Amino acid sequence: MSPGGRRLVSTSVSALTCGAAGLVVCPLLLISGFLLYQGVSAINVDFFLHLPKPVGEVGGGVANAIVGSLIMIGLAVLIGLPVGILGGVYLAESRDRRLPWVLRFVADVMNGVPSIVFGIFAYTVVVLPMRRFSALAGGFALGLILIPIVLRTSEEMVRLVPSALREAGLGLGLPEWKVSLRIVIPAARAGIITGVMVAVARIAGETAPLLFTALGNRFWHQGLDQPIAALPLQIYAYAIAPYDDWHRQAWAGALVLITLVFLASLAARLATRGRIVAR
Amino acid sequence: MTKRWWIVPILLTAMATLGRPVAADAQMLMNGAGATFPYPIYSKWFEEYIKVDPEVRFNYQSIGSGGGIRQITERTVDFGASDGPMTDEQLKKAPAELLHIPTVMGAVVATYNLPGNPQLVFTGEVLADIFLGKITKWNDARIKALNPSAALPDQTIVVVHRSDGSGTTYIWVDYLCKISPEWEKEIGRGTSVKWPVGLGGKGNEGVAGQVKNAPGSLGYVELAYAITNKLPAARIKNQAGKLVEPTIESTTAAAAGAVKSMPDDFRVSLTNAPGADAYPIASFTWLLVYKDQPNEAKGKALVKFLWWAIHDGQRHPAALLYAPLPAPVVKQIEAKIKQITFSGKPLLAAQ
Amino acid sequence: MAADSLAGVGTADGLALPPRAVSRSRRGVGDRVYRGLILASVWLVLALAGGLLLALGWESWAAIRAFGLRFLITSHWDPVAGEFGALPFIYGTLVSSLLALLIAVPLSLGAAIFLAELAPSWVRPPVAFLIEMLAAVPSVVYGLWGIFVLVPWLRDWVQPALARTLGFLPLFQGPPYGIGMLAAGLILAIMIVPYITSVSREVLLAVPGSQREAALGLGATRWETTRIAVLRYGRSGLIGAILLGLGRALGETMAVTMVIGNRPEVALSLFAPGYTMASVLANEFTEATSDLYVSALVEIGLLLLVVTVAVNGLARLLVWSVGGPARGGRA
Numbered sequence: 001m002s003p004g005g006r007r008l009v010s011t012s013v014s015a016l017t018c019g020a021a022g023l024v025v026c027p028l029l030l031i032s033g034f035l036l037y038q039g040v041s042a043i044n045v046d047f048f049l050h051l052p053k054p055v056g057e058v059g060g061g062v063a064n065a066i067v068g069s070l071i072m073i074g075l076a077v078l079i080g081l082p083v084g085i086l087g088g089v090y091l092a093e094s095r096d097r098r099l100p101w102v103l104r105f106v107a108d109v110m111n112g113v114p115s116i117v118f119g120i121f122a123y124t125v126v127v128l129p130m131r132r133f134s135a136l137a138g139g140f141a142l143g144l145i146l147i148p149i150v151l152r153t154s155e156e157m158v159r160l161v162p163s164a165l166r167e168a169g170l171g172l173g174l175p176e177w178k179v180s181l182r183i184v185i186p187a188a189r190a191g192i193i194t195g196v197m198v199a200v201a202r203i204a205g206e207t208a209p210l211l212f213t214a215l216g217n218r219f220w221h222q223g224l225d226q227p228i229a230a231l232p233l234q235i236y237a238y239a240i241a242p243y244d245d246w247h248r249q250a251w252a253g254a255l256v257l258i259t260l261v262f263l264a265s266l267a268a269r270l271a272t273r274g275r276i277v278a279r
Numbered sequence: 001m002t003k004r005w006w007i008v009p010i011l012l013t014a015m016a017t018l019g020r021p022v023a024a025d026a027q028m029l030m031n032g033a034g035a036t037f038p039y040p041i042y043s044k045w046f047e048e049y050i051k052v053d054p055e056v057r058f059n060y061q062s063i064g065s066g067g068g069i070r071q072i073t074e075r076t077v078d079f080g081a082s083d084g085p086m087t088d089e090q091l092k093k094a095p096a097e098l099l100h101i102p103t104v105m106g107a108v109v110a111t112y113n114l115p116g117n118p119q120l121v122f123t124g125e126v127l128a129d130i131f132l133g134k135i136t137k138w139n140d141a142r143i144k145a146l147n148p149s150a151a152l153p154d155q156t157i158v159v160v161h162r163s164d165g166s167g168t169t170y171i172w173v174d175y176l177c178k179i180s181p182e183w184e185k186e187i188g189r190g191t192s193v194k195w196p197v198g199l200g201g202k203g204n205e206g207v208a209g210q211v212k213n214a215p216g217s218l219g220y221v222e223l224a225y226a227i228t229n230k231l232p233a234a235r236i237k238n239q240a241g242k243l244v245e246p247t248i249e250s251t252t253a254a255a256a257g258a259v260k261s262m263p264d265d266f267r268v269s270l271t272n273a274p275g276a277d278a279y280p281i282a283s284f285t286w287l288l289v290y291k292d293q294p295n296e297a298k299g300k301a302l303v304k305f306l307w308w309a310i311h312d313g314q315r316h317p318a319a320l321l322y323a324p325l326p327a328p329v330v331k332q333i334e335a336k337i338k339q340i341t342f343s344g345k346p347l348l349a350a351q
Numbered sequence: 001m002a003a004d005s006l007a008g009v010g011t012a013d014g015l016a017l018p019p020r021a022v023s024r025s026r027r028g029v030g031d032r033v034y035r036g037l038i039l040a041s042v043w044l045v046l047a048l049a050g051g052l053l054l055a056l057g058w059e060s061w062a063a064i065r066a067f068g069l070r071f072l073i074t075s076h077w078d079p080v081a082g083e084f085g086a087l088p089f090i091y092g093t094l095v096s097s098l099l100a101l102l103i104a105v106p107l108s109l110g111a112a113i114f115l116a117e118l119a120p121s122w123v124r125p126p127v128a129f130l131i132e133m134l135a136a137v138p139s140v141v142y143g144l145w146g147i148f149v150l151v152p153w154l155r156d157w158v159q160p161a162l163a164r165t166l167g168f169l170p171l172f173q174g175p176p177y178g179i180g181m182l183a184a185g186l187i188l189a190i191m192i193v194p195y196i197t198s199v200s201r202e203v204l205l206a207v208p209g210s211q212r213e214a215a216l217g218l219g220a221t222r223w224e225t226t227r228i229a230v231l232r233y234g235r236s237g238l239i240g241a242i243l244l245g246l247g248r249a250l251g252e253t254m255a256v257t258m259v260i261g262n263r264p265e266v267a268l269s270l271f272a273p274g275y276t277m278a279s280v281l282a283n284e285f286t287e288a289t290s291d292l293y294v295s296a297l298v299e300i301g302l303l304l305l306v307v308t309v310a311v312n313g314l315a316r317l318l319v320w321s322v323g324g325p326a327r328g329g330r331a
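Heads up: the sequence lines are chains A, B and C, in that order. What the first sequence shows, in our numbering, is residues 1 to 279, in sequence order. What the second sequence shows, in our numbering, is residues 1 to 351, in sequence order. What the third sequence shows, in our numbering, is residues 1 to 331, in sequence order.
Hints were generated in silico from the structure; no laboratory data involved. Hints are supplied without guarantee of correctness; some may be wrong.
Unchecked claim - Below, simulated SDA-like cross-link-like pairs (lysine to any residue); rule was C-alpha separation at most 20 Å, straight line:
| hint | chain 1 | residue 1 | chain 2 | residue 2 |
| --- | --- | --- | --- | --- |
| 1 | A | LYS53 | B | VAL52 |
| 2 | B | LYS338 | B | MET262 |
| 3 | B | LYS194 | C | TYR91 |
| 4 | B | LYS93 | C | ALA81 |
| 5 | A | LYS178 | C | THR74 |
| 6 | B | LYS178 | C | THR74 |
| 7 | B | LYS194 | C | ALA81 |
| 8 | B | LYS194 | C | GLY28 |
| 9 | B | LYS300 | B | LEU99 |
| 10 | B | LYS92 | C | SER290 |
| 11 | B | LYS93 | C | LEU292 |
| 12 | B | LYS260 | B | GLN239 |
| 13 | A | LYS53 | B | ALA319 |
| 14 | B | LYS336 | B | ALA319 |
| 15 | B | LYS194 | C | THR74 |
| 16 | B | LYS137 | B | ASN147 |
| 17 | A | LYS178 | A | ALA168 |
| 18 | A | LYS178 | C | GLY28 |
| 19 | B | LYS242 | B | LYS230 |
Claimed, not checked - Which chain C residues stay away from chain B? Per the calculated CB distances, all over 10 Å, these:
| hint | residue |
| --- | --- |
| 20 | ALA66 |
| 21 | PHE129 |
| 22 | LEU171 |
| 23 | LEU216 |
| 24 | VAL266 |
Said to hold, decoys possible - Computed far set for chain C versus chain A, every beta-carbon distance over 12 Å:
| hint | residue |
| --- | --- |
| 25 | VAL95 |
| 26 | GLU213 |
| 27 | GLY217 |
| 28 | ALA267 |
| 29 | LEU268 |
| 30 | ILE300 |
| 31 | ALA315 |
On a predicted model such as this, the values are computed, not experimentally measured, just so you know. Backbone N, C-alpha and C define an ideal beta-carbon position, used for all residues, glycine too.
Construct the entire structure; sequences and hints are all you get.
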């Protein structure tokens with residue numbers, strides 16, 4: 001092919017891939033646009049402060065669902081954060097041959113497990129023995145999703161801490177555990193928090209594992225061992241129902257959810273911007 | 001920041017327990033799950049009941065009758081709800097004796113989405129053949145014969161059924177079994193059957209939603225769902241040969257025959273009822289409760305609610321197009337509620 | 001996500017101490033407690049994973065014993081009669097995922113190549129950012145959009161058009177419900193595009209610059225450089241990225257449940273409603289009323305787990321072969 005022809009091919013391919021990138025970005029704009037358009041009209045103070053109304057009646061809000069989601073995310077982080085960080089520190093610091101490899105493999109595998117399977121596990125292990133649906137079961141299921149994410153991010157962040165810091169600490173005579181807890185982990189703090197925020201953004205939107213753990217609640221929760229509402233669950237229930245008012249609330253709820261998730265992801269990205277030079 | 005690391009766990013714990021509701025004292029939460037069929041009236045009842053007994057909250061999740069049966073059997077809820085009565089095997093599987101307490105009666109209607117919203121008429125045989133997949137088009141000769149003046153398009157019927165375990169399904173297929181020997185042989189009855197054709201919707205809500213969204217669809221829902229969503233309800237030819245519209249009166253008429261011979265456990269089928277004005281696809285819906293309650297406070301709250309439901313509560317169903325319980329049946333239920341015990345002692349004090 | 005933006009940056013050499021740097025005698029109580037906690041966490045994670053497998057295996061044993069391999073090849077899903085065959089769900093999962101791949105792969109690879117190689121540098125960060133935001137959208141929101149925007153569009157425009165032009169193919173026959181396999185495939189495609197794009201982009205970025213320089217030095221155009229030096233080198237990683245997308249698609253639950261029609265039947269047409277393994281679990285798990293029914297559903301869950309784990313495992317191996325391991329935090 002002539003040089004001119006080859007350049008033409010190159011330019012056309014550039015154009016094609018540019019088009020592909022454009023198409024890829026399109027759905028995001030479409031979906032966000034639609035959410036804004038449909039959801040904004042339904043958002044009012046009531047929506048955030050009130051409980052759902054009886055079936056078929058117009059009005060009410062999703063206050064209990066927002067609170068319920070926050071509670072279960074809090075539980076998931078409480079359960080998953082210590083385990084994830086400690087596991088990540090282990091992976092970064094251990095000199096063993098097999099156990100770290102196994103742990104890394106298991107964590108990566110857990111990352112790919114469909115969340116509904118975790119829901120089944122949580123039903124069998126928490127709901128049945130407790131004899132009830134509960135926020136605890138929901139938090140447990142979400143925690144299972146969170147652990148591998150936090151674990152792997154913590155590992156990477158701890159690895160990035162310069163060994164000089166560690167050596168300095170040891171050189172000063174500090175015991176190992178103080179070096180890790182007081183020097184290494186705080187140094188990796190920003191990255192770890194980023195990892196947690198990424199994980200939180202992920203679990204905030206999860207619906208499937210909550211279907212058979214939290215069950216849902218039309219009122220305020222009465223304790224962590226009781227069924228509880230959650231925003232994604234409420235959106236799902238409203239979306240498949242026939243009532244127009246519920247559809248409006250579903251759009252509004254989706255708008256709220258997606259805003260929260262975006263903010264968390266955005267914050268995670270901004271936190272790492274100053275620290276690590278990405279390509 | 002390292003100095004104040006304890007802020008984080010405290011924050012998390014705070015988030016995780018986000019305080020009890022500030023306004024009210026801690027209330028007792030009763031959890032129930034099950035049928036979507038009576039969900040509109042139950043959610044109304046539970047809202048109204050807060051005024052009667054502010055100490056208790058009834059949280060009801062409409063996950064389908066199949067779910068209600070399963071969850072009460074596994075004791076993960078305090079009460080279940082179903083419009084398909086539990087079979088003998090299902091009752092045997094339960095860890096203790098379960099009671100069926102009828103609450104209201106309702107009608108399952110054939111609802112559809114056609115341009116112009118015509119009022120259609122069906123017979124049981126035609127419905128059975130549509131759901132068997134033998135009648136596929138709206139302008140089929142048999143449908144036309146029943147509806148000579150309606151504008152029926154040359155369009156495929158989009159059949160919509162339930163994708164979840166459903167008492168509404170049970171009522172529907174129970175009726176089809178009585179009408180169509182082929183249906184009884186091929187498909188049978190149950191809360192979840194092998195549908196020859198159609199899309200699945202989740203809950204009465206899902207089926208109503210599908211029918212509302214898709215032109216040319218035909219599904220079965222409880223009457224309240226059709227009316228509140230401005231969907232039409234077909235008239236059906238009953239056993240006496242009359243074309244009956246689903247209303248409170250025709251639902252009540254369907255129960256007339258059964259009332260005289262109500263079995264002790266209230267498990268009775270009202271479909272294809274005799275009587276000139278009876279609507280052929282009607283049914284009771286039941287709350288499923290254990291005869292011997294495991295928890296005294298909850299048991300007391302439960303029987304108090306049940307008593308209210310069959311007396312004062314019966315003011316509300318009509319507004320939502322459910323039929324209230326016939327008076328003789330209420331008497332029978334009263335006797336049953338008095339049998340609910342905790343550790344052998346009846347829970348219902350003299351009311 | 002943040003972790004992945006660190007890929008390729010030189011990581012510090014492991015913080016691990018040389019052996020015996022801290023002699024046993026120096027290990028005080030604090031250290032022992034610390035090590036104990038760490039090991040406890042490690043074993044806890046392993047126990048959870050093991051427990052998951054165990055619980056699923058235990059619950060599904062009854063169905064495995066009752067149906068054996070028949071479970072995978074029969075279509076008969078009849079809760080009333082107690083007959084359970086999972087073929088419709090396996091079929092639905094595979095078809096919807098493959099359809100999604102068919103649509104997503106060309107777009108994702110194109111976008112990844114654009115972002116990694118061909119785009120001017122001022123364009124890259126915002127577009128990459130937008131694509132990562134797409135990955136953050138929850139499944140239920142996709143489903144909501146699917147029901148009210150995608151499905152009516154398919155029902156009123158796309159499916160009739162396809163039926164008119166390509167209706168002779170069994171793939172495009174049957175009434176245009178809107179809801180069905182095509183809707184599920186499309187929604188899945190939109191959902192997996194950001195994953196395949198991000199991972200492909202990292203794979204391409206991980207290709208050593210020397211490869212590109214060599215090609216450019218020989219007089220190749222930008223596209224030729226990309227094709228000869230980068231794509232060929234990163235080929236296995238790209239396949240890995242595609243497999244990661246597949247793994248995601250296989251396990252996706254909510255969005256698919258909301259648009260697929262919930263019909264347990266094997267049908268050739270893309271217009272027909274179907275059912276996937278994840279959807280049947282979402283719809284029927286809380287209400288399976290007999291032990292065998294529950295067991296059959298859990299067996300489906302086990303199948304889903306095994307398949308997604310296998311696909312993801314293979315994907316990771318392939319991706320690591322290009323960029324090296326320690327890719328953390330991303331599903």
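Here's how the hints hold up against the structure:
Taking the CA atoms of LYS53 (chain A) and VAL52 (chain B), the gap is about 18 Å. The hint holds against a cut of 20 Å. Between LYS338 (chain B) and MET262 (chain B) the alpha-carbon distance is near 18 Å, which keeps this suggested pair within the 20 Å criterion. Proximity of LYS194 (chain B) to TYR91 (chain C) is assessed by CA-CA distance (about 18 Å); at most 20 Å being required, the pair is judged to hold. In summary, the hint linking LYS93 (chain B) to ALA81 (chain C) is supported, as the alpha carbons are separated by about 17 Å, within the 20 Å threshold.
With a C-alpha separation of about 60 Å, the suggested pairing of LYS178 (chain A) with THR74 (chain C) is violated against the 20 Å cut-off. In summary, the hint linking LYS178 (chain B) to THR74 (chain C) is not supported, as the alpha carbons are separated by about 30 Å, beyond the 20 Å threshold. With a C-alpha separation of about 9 Å, the suggested pair LYS194 (chain B) and ALA81 (chain C) falls inside the 20 Å cut-off, and the hint holds. As the CA atoms of LYS194 (chain B) and GLY28 (chain C) are separated by approximately 67 Å, the hinted pair breaks the 20 Å bound.
With a CA separation close to 16 Å, the supplied pair LYS300 (chain B) and LEU99 (chain B) stays within the 20 Å bound. Distance check on the hinted pair: LYS92 (chain B) and SER290 (chain C) sit about 12 Å apart at the alpha-carbon level, within 20 Å; holds. Taking the CA atoms of LYS93 (chain B) and LEU292 (chain C), the gap is near 13 Å; set against the 20 Å cutoff, the hint holds. Pair hint LYS260 (chain B) plus GLN239 (chain B) holds up; C-alpha atoms about 19 Å apart against a cutoff of 20 Å.
Of the supplied pair hints, the one linking LYS53 (chain A) and ALA319 (chain B) holds, its CA atoms being roughly 16 Å apart against a limit of 20 Å. Between LYS336 (chain B) and ALA319 (chain B) the CA atoms are separated by roughly 27 Å; this puts the pair beyond 20 Å, and the hint is violated. This hinted pair checks out: LYS194 (chain B) and THR74 (chain C) have alpha carbons roughly 14 Å apart, not beyond 20 Å. Simply put, LYS137 (chain B) and ASN147 (chain B) have alpha-carbon atoms about 14 Å apart, close enough for the 20 Å limit, and the pair holds.
Taken as a hint, the LYS178 (chain A) and ALA168 (chain A) pair is honoured in the structure, with Cα atoms around 12 Å apart against an allowance of 20 Å. Of the supplied pair hints, the one linking LYS178 (chain A) and GLY28 (chain C) holds, its CA atoms being roughly 11 Å apart against a limit of 20 Å. Using a Cα cut-off of 20 Å, the hinted pair LYS242 (chain B) and LYS230 (chain B) is violated, with the two alpha carbons roughly 25 Å apart. Consistency note on ALA66 (chain C): stated as away from chain B, and its beta-carbon is indeed over 10 Å from all of that chain's, at 17 Å minimum.
Non-interface status of PHE129 (chain C) relative to chain B is upheld: no Cβ of that chain comes within 10 Å, the nearest being about 28 Å off. With a least CB separation of 18 Å from chain B, LEU171 (chain C) remains clear of the 10 Å interface cut-off, as annotated. Once the 10 Å rule is applied to beta carbons, LEU216 (chain C) is consistent with being away from chain B; the minimum gap is 47 Å. At roughly 14 Å from the closest C-beta of chain B, the C-beta of VAL266 (chain C) stays outside 10 Å, upholding its exclusion from the interface.
For VAL95 (chain C), the requirement that its beta carbon stay farther than 12 Å from each beta carbon of chain A is met, with the minimum near 17 Å. The claim that GLU213 (chain C) is not at the interface with chain A holds, since no C-beta of that chain comes within 12 Å of its own (minimum 16 Å). At roughly 16 Å from the closest C-beta of chain A, the C-beta of GLY217 (chain C) stays outside 12 Å, upholding its exclusion from the interface. For ALA267 (chain C), the non-interface assignment is confirmed: its Cβ lies about 22 Å from the closest Cβ of chain A, beyond the 12 Å cut-off.
Taking the minimum C-beta to C-beta distance to chain A, about 26 Å, the non-interface status of LEU268 (chain C) holds against the 12 Å cut. Not every beta carbon of chain A lies more than 12 Å from that of ILE300 (chain C), the smallest distance being close to 10 Å; the non-interface claim is violated. With 12 Å as the threshold on Cβ separation, the claim that ALA315 (chain C) sits away from chain A is violated: the shortest Cβ distance comes to roughly 8 Å.
When the structure is compared with the earlier hints, violations turn up for hints 5, 6, 8, 14, 19, 30, 31 and for no others.
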